[in-house]
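Peer 1: Build the complex from these two chains, which are given one at a time in their own frames, with help from the hints.
Sequence lines, in order, name chains A and B. Quick note on our numbering: the first sequence kicks off at 1382 and runs consecutively. Quick note on our numbering: the second sequence kicks off at 1246 and runs consecutively.
Just so you know, the hints here were simulated from the structure itself, not pulled from any lab data. From the three backbone atoms N, C-alpha and C, an ideal C-beta is built for every residue, glycine too. Possibly wrong hints are sitting among the right ones.
The following residues of chain B were derived to be distant from chain A, with all beta-carbon distances above 10 Å [stated by the list, open to error]:
id, residue
1, Arg1273
2, Leu1310
3, Gln1315
Heads up, simulated DSS-like pairs for lysine-lysine below, C-alpha to C-alpha not over 27 Å straight-line [claimed, not checked]:
id, chain 1, residue 1, chain 2, residue 2
4, B, Lys1301, B, Lys1247
5, A, Lys1411, B, Lys1247
6, A, Lys1411, B, Lys1287
7, B, Lys1247, B, Lys1287
8, B, Lys1301, B, Lys1312
9, A, Lys1433, A, Lys1411
10, B, Lys1287, A, Lys1394
11, B, Lys1312, B, Lys1247
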Amino acid sequence: DAGVTQSPTHLIKTRGQQVTLRCSPISGHKSVSWYQQVLGQGPQFIFQYYEKEERGRGNFPDRFSARQFPNYSSELNVNALLLGDSALYLCASSSGQPETQYFGPGTRLLVL
Amino acid sequence: QKEVEQNSGPLSVPEGAIASLNCTYSDRGSQSFFWYRQYSGKSPELIMFIYSNGDKEDGRFTAQLNKASQYVSLLIRDSQPSDSATYLCAVGASGGSYIPTFGRGTSLIVHP
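For reference, chain B alone in the conformation it holds in the complex (with noise of 0.2 Å):
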């Protein structure tokens, strides 16, 4: 069984402070990672996908990767109310298969 762990939250941090938002996953053989945000009530968004080891940034979103370590995260820069929402880790599978499994999300809350 694949798995993907993430930390329900809330995560509170301040306006302008950094999120970060982390993710753990079992299966060794996985290439493809992707980070989904959420708001309440609505579908997820794809953020941001890395598939090598070391940072991607987009604007205020920096992906991280560590193979080694099986782990991915997501920083937020500058964080703002808006980004207040689930961010949704989601790994893609090894051996062939394109189905990715999804973290149950972590909670962010950015306070004025």
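Excised from the complex, chain A in its bound form (with noise of 0.2 Å):
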């Protein structure tokens, strides 16, 4: 079975510019959540989706966003970068146990 996959892999973009990352769950798999993670941290949780709903956010800034779709696939925004963007964004996808998740190849994003 495939795993979590996210797109596109690696992202460069200027400040000021806007970004959509791209995530499709595991098959069967109803939530999906977004996370960020810098060099020498842990994932920093920005957003969780089941069934379409928003389950939870973390602290972050309006400027982010994200949505899930029918098929359970879902889309991360960021508006307005900022140099301190720059992370890689990991998406989680879980099951029956929300809290079991498991973790797609991420995207680097690098903001200039």
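Peer 2: What follows is the structure in structure tokens.
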């Protein structure tokens, strides 16, 4: 079975631009979570969606938004990019036990 | 603020030794605990999860949980150079939240 997929794998943007990251969960998984990971730190929670409803939001500014589609795939949008948004963005999916999360390969975002 | 604490390391052990990785958490009501392995430049990979006090073994890995002391550990027996990675501890939240909190990870180096 295919694991969690994310696109793109790498992205370079400039300050002020907008970016959209995409995630497809493991088949049968209905929950998707987004995390930001900077070097030397653990993943920081951004959003969680379950059955297309937002279940949780981390301590991130309103420039960050997300949504989940009927097929359970998800998008993370970041507006007005800052240099500090440079990080590895991880998507994780989970099934009946939402906390048992399986990560995708991540999207590495560099903001110049 | 729920916290998960890990020593960032690096923890250096010789090949064939037992590596012991530790994690403490602040949310006394937490019920689920996870260990992830993350190779440099890659995404986290779930190794084990544990819900009950005591030990849980899976191959060379043993997770140990002590809820009274708010302490969870991961033992890696017969450590191999391929075990060299960062190990992330994640703790599930109490109160119906499905969002785990991650520690910053411990870097493990297994030298031949």
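Peer 1: Hint by hint, note whether the structure agrees.
Peer 2: Comparing the hints with the structure gives:
At roughly 17 Å, the least C-beta separation between Arg1273 (chain B) and chain A is larger than 10 Å, which holds for a residue marked as non-interface. Here Leu1310 (chain B) stays apart from chain A, with its beta-carbon at least about 15 Å from theirs, past the 10 Å limit. The claim that Gln1315 (chain B) lies off the interface holds: its Cβ sits roughly 17 Å from the closest Cβ of chain A, which is beyond the 10 Å cut-off. The hinted pair formed by Lys1301 (chain B) and Lys1247 (chain B) meets the criterion: a straight-line CA distance of about 24 Å does not exceed 27 Å.
The hinted pair formed by Lys1411 (chain A) and Lys1247 (chain B) meets the criterion: a straight-line CA distance of about 26 Å does not exceed 27 Å. At most 27 Å may separate the alpha-carbon atoms for a hinted pair to count; Lys1411 (chain A) and Lys1287 (chain B) meet this at roughly 24 Å. Proximity of Lys1247 (chain B) to Lys1287 (chain B) is assessed by CA-CA distance (about 26 Å); at most 27 Å being required, the pair is judged to hold. For the suggested pair Lys1301 (chain B) and Lys1312 (chain B), the alpha carbons sit about 14 Å apart, so the restraint of at most 27 Å is met.
At roughly 8 Å between alpha-carbon atoms, Lys1433 (chain A) and Lys1411 (chain A) fall within 27 Å of each other, so this suggested pair holds. Under the criterion of a C-alpha separation no larger than 27 Å, the hint pairing Lys1287 (chain B) with Lys1394 (chain A) is consistent with the structure, at around 21 Å. For the proposed pair Lys1312 (chain B) and Lys1247 (chain B), the alpha carbon gap of about 15 Å is at most 27 Å, so the pair holds.
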